Structures are given as C-alpha cells and as structure tokens.
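Residue numbers (the numbering used here), protein chains in the order written: chain A, 1 to 243; chain B, 1 to 100.
Think of the hints as simulated: they come from the structure by calculation, not from any bench. Predicted, not measured: the structure shown is a model, and the values here were computed from it. Check the hints yourself; a few may be wrong.
Below, simulated BS3-like cross-link-like pairs (lysine-lysine); rule was C-alpha separation at most 27 Å, straight line [claimed, not checked]:
1. A:K168 - B:K57
2. A:K237 - A:K199
3. A:K168 - A:K68
4. A:K168 - B:K56
5. B:K61 - A:K68
6. A:K168 - A:K237
7. B:K61 - A:K168
8. B:K56 - A:K68
9. A:K68 - B:K57
10. A:K68 - A:K45
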Amino acid sequence: MSPRVILITGANGGLGQAIARAFLQESPANLVWLGVRTRRDRTDKLAGENADRCFCLGLDVTRPESWKQAVAEILARHGRLDVLVNNAGSHEDALLATMSPDSWQRVLAANLDGVFHGCQAVLPTMIGQRHGRIITVASLSALLAPPGQANYAAAKAGVIALTQSLAKEVARIGITVNALCPGFVETDALAGLTAEERKAAEMRIPMRRFGRPEEIAAPVCFLACPDASYITGSVLKVDGGIL
Amino acid sequence: MDSNATLKQDIKQMMVENLMLQITAREIGDDQALFGPGSLGLDSVDALQLVVALDKKYGLKIPTPECAREVLQSVATMAEAVANHLASAPVEGQSSPHTA
Chain A
1 MSPRVILITG ANGGLGQAIA RAFLQESPAN LVWLGVRTRR DRTDKLAGEN
51 ADRCFCLGLD VTRPESWKQA VAEILARHGR LDVLVNNAGS HEDALLATMS
101 PDSWQRVLAA NLDGVFHGCQ AVLPTMIGQR HGRIITVASL SALLAPPGQA
151 NYAAAKAGVI ALTQSLAKEV ARIGITVNAL CPGFVETDAL AGLTAEERKA
201 AEMRIPMRRF GRPEEIAAPV CFLACPDASY ITGSVLKVDG GIL
Chain B
1 MDSNATLKQD IKQMMVENLM LQITAREIGD DQALFGPGSL GLDSVDALQL
51 VVALDKKYGL KIPTPECARE VLQSVATMAE AVANHLASAP VEGQSSPHTA
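Next comes chain A alone, as it looks inside the complex (with noise of 0.2 Å):
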C-alpha cells in the first residue's frame, strides 16, 4: 500500500486514538497527523512513540483560520493530504424545552460547523490531486434521535446530509465521503454511566456489549483504503445490531 496522508480531529480522545492507532498499525509508510484542541496527552505520547510518521498540531476544529494553519502545516511538510477523518465531537445532554441557545450552538458548532469547516479546507487540496478520502464519524443518534439529545442528534443527522451531499458533488474528481454512525463505544463518553444505566443500555444492544474503539477504527481504515474505492455517501452504522 502506498504511503498516505492522515488527519484525525479529536485525536486526544478514545476513538481518536483508536483510530489514529489503526492507521499506524495498517502500513509503516502512513503518516498522521493527530488534531487536537486544548487536552493533548494521549497525543503527544503516540506522536512520541511513533516519531517521524505520527505528529500533533493544535486544531479548533470549529475556526475556518485554526483549519486553514493546520492543512498548510501539513502541506508544508508532505505536500499532500489524502485522508481527513473528522472525528471531533462533544454533546451537552438536556430536554430541549431546558436547553440553553448557548448549548444548541456550541453542540452544532463542534459536531456539524466542524465538518463544514474542515471539508472546505481541505477540499482545493483534495481536488488538485484528484484524489481523497473523507470519513465523519457521525452517530446512531442521528438515527435513533434519543430524547434528550436534540441538538447532537441534530447536529450527526446534519453531518449525515452533509456527507451525502458532498460526496454527489465530488465524486467525479476521485473523492469519496463516507459517514459511519457508532453506537455504545466503551470511550470516555460512556465512563459517566452508572452500572444501572450501563446494564440497561448493554440489554437495548443485540450483541449485549459496547463496542470497543478499535471495533469502529477498522471501518474508518477500510473506508479509507483503495478497496473501498468506490463507496460513497454510504452511512455506515457499527452498533452491534441495534438498527
């Protein structure tokens, strides 16, 4: 497999580095780069046990200019991008009749304004080389829309359209764009949930257990590689059954 170009948004976080880690793991030659907010950890440890292929750089994913530096770091270096994962996300849970406007927005800005913003800057790049990859981690709750969860189930089904949309409008140049819907993932999201809940989320789930992260990485990874080449607009659910 020929060397490739990877950013990972929210690469601090337990899926992040799942992913960030099966990129590493599937050939030597790829490189990725680790997009981080503010908590960067996880990252500067991988970046430092795989020097001169992994590396962090500061990435606010909801700023059009924090974007424009990241893609040209990544340019200056490798002088290519062939693969963006858009894995940042947050979610502020609340009934909608309680929810505050300052929570609808920052929920829609991290989750959907993100992948805009990141599509955007890395699209001149994608179509000069008339190639690229670009995988959204969405969620089942764009689906399933939960109570309690209208402004993320929001936000993922925006980023579902979105990813559809797109991928109409660039696939003739050689880009595909592919979202993948996760349900439970045993990642930090879910280390709040008491044995209770965690019980009564795990009976809900065919498979009756949480997926764990590497479990979403390989689809990322084989969406990402030249045998998926022509997959696009697909939503790719990974939830143990639940749909």
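Please arrange chain B on chain A, whose structure you already have, making use of the hints.
For chain B alone, coordinates are given in the frame of chain A:
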C-alpha cells in the same frame, strides 16, 4: 504556433484531462462558451475543478465567484487571465499574492 495559441491549447488539454470530457482538445473552440445553452455544457463542479487546476498549473488565484464568472467564460478568457497573471508575476525571491 504563437505563445497565446500554445497557452490556449494547453488549457484545452488541461480541461479534457481534468474534467474527463468525452471530446478532444481540438474540438473545443477558443471562444466557445463553457456554461449555458449552446455551450460546452460544463457545470458548477467543473468550474470548481477549473479554479483549482488554474491555480495548480499557473498559480492563478480566482478568489471570488464574480471573478470566476469573468474568467471562466471561454478558453480565450482563461488564457487572457493566465497570460496577464504570468506577465505580472514577481521575479524570483519576491512574493506577493496575485489574483485574476
């Protein structure tokens, strides 16, 4: 072939290759409209590719949709914008942004 004719030929070839047109470069007229009725039949995605290709090949920046409408009328208008840009390009070692 003079330099302007060569430039137009290069642009036509670039269009055929980048836009995967089902015609040859020779079949594209210098003044043939790129968009609209009776034109070459390009669309907005083709326009996007042309903007990126002109920047990549000639360093010509097309910063606004208005500018794109002006430059991307025909092969002749693209060649004119590229020629003007190349004529005003800074000498090596100096750098300043150039736009159409």
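Status of each hint after checking the structure:
The straight-line distance between the Cα atoms of K168 (chain A) and K57 (chain B) is roughly 25 Å, inside the 27 Å bound, and the hint therefore holds. For the suggested pair K237 (chain A) and K199 (chain A), the alpha carbons sit about 22 Å apart, so the restraint of at most 27 Å is met. Restraint check for K168 (chain A) and K68 (chain A): the C-alpha separation of about 24 Å stays at or below 27 Å, so the hint holds. About 23 Å separates the Cα atoms of K168 (chain A) and K56 (chain B), which keeps this hinted pair within 27 Å; it holds.
About 16 Å separates the Cα atoms of K61 (chain B) and K68 (chain A), which keeps this hinted pair within 27 Å; it holds. For the hint pairing K168 (chain A) with K237 (chain A), the CA-to-CA distance comes to about 20 Å; that is within 27 Å, so the pair holds. Taking the CA atoms of K61 (chain B) and K168 (chain A), the gap is about 25 Å. The hint holds against a cut of 27 Å. A C-alpha spacing of about 17 Å is found between K56 (chain B) and K68 (chain A), which places the hinted pair at or below 27 Å, so the restraint holds.
Distance hint between K68 (chain A) and K57 (chain B) is fulfilled; the C-alpha atoms sit about 21 Å from each other, no more than 27 Å. Between K68 (chain A) and K45 (chain A), the direct Cα distance comes to roughly 25 Å. Compliance with the 27 Å bound is thereby established for this hinted pair.
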